[in-house]
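S.K.: What follows is the residue order along each chain.
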Amino acid sequence: MRIVENSPGRCLLLCCIFTLVAATPLAGADRVISGVGVVGPEGSISPAMAVVIDQDGQVSAVIPADQVDPTMVEIKAPNGSVITPGLHDLLGSLGATGALAAGTKLIDADLRAADAFDSTDPNLEKAARNGILHTTIAALPRGLLNGHTATFVCQQSASARPLGPGKPFYALAESALNSSREPTSRVAMVSMWKEWLATSDASEQIPGILFCPKPLDLRQSLDIGWSELPVLVHSGDARSPLERLAGRQALMVVGPFLEGGDAAQVRSAVKASAAGVELAFAGGLPAGPADHLRRSAAIAVAAGLDADAARRALFSNPARACGVSSIGLIEPGARADLVLFSADPLDPAAQVLQIWRAGKRLRVAAPGKISELEVPR
Amino acid sequence: MISIRLFSSPLLVVLTVLLLSPGETPCHAQLFDRATVLEQVLVPRPNGTVSEPLTIVIRRGRITEMSADADAPMMSRKVDAKGLYATAGLFDPASTLTLGAVSSASAVHSAWDGFDRYDSDAIRAAIASGVTRIQLQPSGPAGIVGRVSTISLAPLDGGGHGVLEKEAVALCIDLNQGTPLARIRTFEKVRTAFRTAQRGREGIEDYSTELEEYLEALAEAAKESGEKDKKKDDEKKDDEKKDGEKKDDGPAKPDRPDRNPAGDVLIQVLEQQLPVRILARRSEDILNAVDLATEFQFPFQLQGADEAHMVLGSLKELEGLSVLLDRPQRSLDRGAAPRTSSQLIPLLEEAGIPWTVGSGGPSSGLWRTVRAISGQAGKASPLSLVNAGPDRGSAAWLRRGTSHLVLWEGNPALDGSARPNRVIIDGTVVWQRPAGTQEGSF
Numbered sequence: 022m023r024i025v026e027n028s029p030g031r032c033l034l035l036c037c038i039f040t041l042v043a044a045t046p047l048a049g050a051d052r053v054i055s056g057v058g059v060v061g062p063e064g065s066i067s068p069a070m071a072v073v074i075d076q077d078g079q080v081s082a083v084i085p086a087d088q089v090d091p092t093m094v095e096i097k098a099p100n101g102s103v104i105t106p107g108l109h110d111l112l113g114s115l116g117a118t119g120a121l122a123a124g125t126k127l128i129d130a131d132l133r134a135a136d137a138f139d140s141t142d143p144n145l146e147k148a149a150r151n152g153i154l155h156t157t158i159a160a161l162p163r164g165l166l167n168g169h170t171a172t173f174v175c176q177q178s179a180s181a182r183p184l185g186p187g188k189p190f191y192a193l194a195e196s197a198l199n200s201s202r203e204p205t206s207r208v209a210m211v212s213m214w215k216e217w218l219a220t221s222d223a224s225e226q227i228p229g230i231l232f233c234p235k236p237l238d239l240r241q242s243l244d245i246g247w248s249e250l251p252v253l254v255h256s257g258d259a260r261s262p263l264e265r266l267a268g269r270q271a272l273m274v275v276g277p278f279l280e281g282g283d284a285a286q287v288r289s290a291v292k293a294s295a296a297g298v299e300l301a302f303a304g305g306l307p308a309g310p311a312d313h314l315r316r317s318a319a320i321a322v323a324a325g326l327d328a329d330a331a332r333r334a335l336f337s338n339p340a341r342a343c344g345v346s347s348i349g350l351i352e353p354g355a356r357a358d359l360v361l362f363s364a365d366p367l368d369p370a371a372q373v374l375q376i377w378r379a380g381k382r383l384r385v386a387a388p389g390k391i392s393e394l395e396v397p398r
Numbered sequence: 010m011i012s013i014r015l016f017s018s019p020l021l022v023v024l025t026v027l028l029l030s031p032g033e034t035p036c037h038a039q040l041f042d043r044a045t046v047l048e049q050v051l052v053p054r055p056n057g058t059v060s061e062p063l064t065i066v067i068r069r070g071r072i073t074e075m076s077a078d079a080d081a082p083m084m085s086r087k088v089d090a091k092g093l094y095a096t097a098g099l100f101d102p103a104s105t106l107t108l109g110a111v112s113s114a115s116a117v118h119s120a121w122d123g124f125d126r127y128d129s130d131a132i133r134a135a136i137a138s139g140v141t142r143i144q145l146q147p148s149g150p151a152g153i154v155g156r157v158s159t160i161s162l163a164p165l166d167g168g169g170h171g172v173l174e175k176e177a178v179a180l181c182i183d184l185n186q187g188t189p190l191a192r193i194r195t196f197e198k199v200r201t202a203f204r205t206a207q208r209g210r211e212g213i214e215d216y217s218t219e220l221e222e223y224l225e226a227l228a229e230a231a232k233e234s235g236e237k238d239k240k241k242d243d244e245k246k247d248d249e250k251k252d253g254e255k256k257d258d259g260p261a262k263p264d265r266p267d268r269n270p271a272g273d274v275l276i277q278v279l280e281q282q283l284p285v286r287i288l289a290r291r292s293e294d295i296l297n298a299v300d301l302a303t304e305f306q307f308p309f310q311l312q313g314a315d316e317a318h319m320v321l322g323s324l325k326e327l328e329g330l331s332v333l334l335d336r337p338q339r340s341l342d343r344g345a346a347p348r349t350s351s352q353l354i355p356l357l358e359e360a361g362i363p364w365t366v367g368s369g370g371p372s373s374g375l376w377r378t379v380r381a382i383s384g385q386a387g388k389a390s391p392l393s394l395v396n397a398g399p400d401r402g403s404a405a406w407l408r409r410g411t412s413h414l415v416l417w418e419g420n421p422a423l424d425g426s427a428r429p430n431r432v433i434i435d436g437t438v439v440w441q442r443p444a445g446t447q448e449g450s451f
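Residue numbers (our numbering), protein chains in the order written: chain R, 22 to 398; chain P, 10 to 451.
It cannot be assumed that every hint is accurate.
[Unchecked claim] Simulated restraints on C-beta separations:
#: 1; chain 1: P; residue 1: ARG409; chain 2: R; residue 2: SER347; range: 56 to 64 Å
#: 2; chain 1: R; residue 1: ASP77; chain 2: P; residue 2: GLY419; range: 51 to 59 Å
#: 3; chain 1: R; residue 1: LYS126; chain 2: P; residue 2: ARG348; range: 39 to 47 Å
#: 4; chain 1: P; residue 1: ALA114; chain 2: R; residue 2: PRO143; range: 52 to 60 Å
#: 5; chain 1: P; residue 1: ALA114; chain 2: R; residue 2: THR118; range: 34 to 42 Å
#: 6; chain 1: P; residue 1: PRO150; chain 2: R; residue 2: GLY297; range: 45 to 53 Å
#: 7; chain 1: R; residue 1: GLY282; chain 2: P; residue 2: GLN207; range: 37 to 45 Å
#: 8; chain 1: P; residue 1: SER350; chain 2: R; residue 2: SER65; range: 32 to 40 Å
#: 9; chain 1: R; residue 1: SER201; chain 2: P; residue 2: GLN207; range: 58 to 66 Å
#: 10; chain 1: R; residue 1: THR118; chain 2: P; residue 2: ARG200; range: 39 to 47 Å
[Said to hold, decoys possible] Facing chain R, from chain P, some residues (calculated, C-beta under 10 Å):
#: 11; residue: GLN281
#: 12; residue: ARG336
#: 13; residue: SER383
Since the hints were made in silico from the structure, they are not lab data.
Predicted model, so just to flag it, every value in this text is computed and none were measured.
Glycine included, C-beta positions come from ideal geometry on N, C-alpha and C.
Here chain R stands alone, though its shape is the one from the complex (with noise of 0.2 Å):
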């Protein structure tokens, strides 16, 4: 009698609980993000396309966004808005402690770039909130070796595991030489390198990342006999020998490029993008702007840069650069770390919006702006 007594009451309240059930996508269930152009693994933009998420924090496909079931739908995003894989600061020091300078030793294959890292960084929240999702640090090039580099997602914690096992960190540059022990001259470090690739079971020629910002370091780099050629990080101008990597299916880091800074390097970054090289940005993170890689690929752009090859520089080449293959692309079963922006992310009017990592939301623009943009369901 009681139940009928109450019953407006409890029916309105079971139907709220109903109503806020229905409405909120069940724990553990897939989430979709509608709407959306999406940058895949070409660089280009495919526009009006849906992105799902699994609960395991995975991408599990990327469908037409007509192809959805509404009900799925966690987010319709803004018109214009494009989805991208994380930003990465490639080669910079964000999270990083301390110096990152190597030992003594010339071919140190033991130094761990991820023993350096301090997952409480709050750069690291910082950074990502302006769509940097992963970093990438390596001790400073002093050695022939200098270690394996480190990749991590930024987030502010407790602990964090790198992704992935790292990559060799090689140098054919002028930083390693040292007058207290070999190579003390240009000539010895060459011929070091020389025996080294000569001598060492292919085995221990893991193809890494190797510093040669020079163009002498880069034409001597390309002399000495790689089996297989590692990823280059160098600046260049014109006198670099580009044209000896065109179909060479080669990678190299570049920039960071700077508003009034040394024209010839993005000149040479496009010569070498026209020759076939993919390229990768490099990061400048703490001590550069938040916004500078996008800003470096602006510039790029401006200067002639295919924008899907910058896209490219911008997400997937960096992940590849670095070795880790969960990251960087928007496919199944790569990680959820994703960046919505308000537009085009290579336009500098765009803007941040959400942020996701391992499918973890987190809403970024300021409120009053997003509420005129989305829809949340």
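Chain R is already provided as a structure; the job is to place chain P on it using the hints.
M.R.: Just chain P now, kept in the frame of chain R:
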């Protein structure tokens, strides 16, 4: 017979004489000035719409007609601009184009003196990004660095680019450089310079007064001397007796203050004949700039102003203040870089402080800076943020009388990646995207 009849017409005779006369005369210019006609151009409008395809007629360097049914004058140069969007050339109020390492540290220095008109790479990059006119600002050690100049990037007959429009637009003061202690010293140095100029102005005023008094005294002395001359003959004998006495030398002429060219420029500022631009990013430097303006009573333009949101109360009280935003610095380094706010522009607008945008660099990045700031400001169109000329509020929308034009491949009012295709200055295409290239900033 026919030729005789033709030459019998006075008009034809005059025309023939003009045609055959050597050299270029104003008549030649008017008769043979070929108009440039842009056909099928789309023009973005401030209300967000785009015009129907228009014909734009440029005569003697300026747009004289802009309509759908305009007729192309005879012998005009026709430019097929189908699908291109036209705006006025962009104006960069904070440029360091071609200055590079040129350093200046005096109020008498003008940025124009350091402009390298043959730095074709840098100038070409600026023009390719749609910039046709700049305010070149000097840079150097902190303090008073020199005077800002307005320059049109029009090509010159003898080679190079750059026509001086105004040499002294504003005095540039840099309070932004160095450690905190160095910046305090810079502030004191600037203050001392203005005080010295103030004393110099008082000295000149005193000198003027003393000079007037001297001239009056001199006239009086001359008058007295005349009267004395009349009596001279009578008193000749007496004078001979008084030879041994001292002669009256008359009034003493006042000493003119030493010339101080740098001080003269500062006096122009104190008399509000020359505007001031102060570069300050941190809150303490901005407050120092406010102190300077209050003490010496001049209005100024604040450049940088990254931390202006922290001292907005002090800025609100100033009369004639405007803000020139340049490259937004969003560093993650705490303490190493100014603390910016994404709400700065709304706050400035709320406080009624006018603001504009400049590149703060070599101008090729102006459009990127404008777009970045338009994203921050939440403005519908970045074109409303960029000026077409030194006049504040002259946004880059196209209008009659405009002499600098940019033809874009996309609608720059809406499309973030729109690139210039052609740049036209005074009726001449000064830059055109090389076929098959991606060159040209967006």
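S.K.: For every hint, state whether the structure bears it out.
M.R.: Do the hints match the structure? See the list:
Against the hinted window of 56 to 64 Å, the Cβ-Cβ separation of ARG409(P) and SER347(R) comes to about 59 Å, which satisfies the hint. Checked against the hint of 51 to 59 Å, the pair ASP77(R) and GLY419(P) fails, with Cβ atoms roughly 41 Å apart. At roughly 41 Å, the beta-carbon separation of LYS126(R) and ARG348(P) lies within the given 39 to 47 Å, and the hint holds. Checked against the given bound of 52 to 60 Å, the beta carbons of ALA114(P) and PRO143(R), roughly 39 Å apart, lie outside it.
For ALA114(P) and THR118(R), the hinted distance range of 34 to 42 Å is satisfied, since their beta carbons lie about 40 Å from each other. At about 47 Å, the CB distance of PRO150(P) to GLY297(R) agrees with the hint of 45 to 53 Å. For the pair GLY282(R) and GLN207(P), the beta carbons lie near 42 Å from each other, so the given range of 37 to 45 Å is met. In this structure, SER350(P) and SER65(R) meet the distance hint of 32 to 40 Å, their C-beta atoms being roughly 35 Å apart.
At about 60 Å, the beta-carbon gap between SER201(R) and GLN207(P) stays in the expected band of 58 to 66 Å. A hinted range of 39 to 47 Å holds for the C-beta pair THR118(R) and ARG200(P), which are about 42 Å apart. A distance limit of 10 Å between C-beta atoms decides the matter here; for GLN281(P) the minimum to chain R is near 33 Å, and the interface restraint is violated. Nearest Cβ of chain R to the Cβ of ARG336(P): about 6 Å, under the 10 Å cut. The hint holds.
Taking 10 Å as the C-beta contact cut-off toward chain R, the hint placing SER383(P) at the interface holds, the least distance being around 5 Å.
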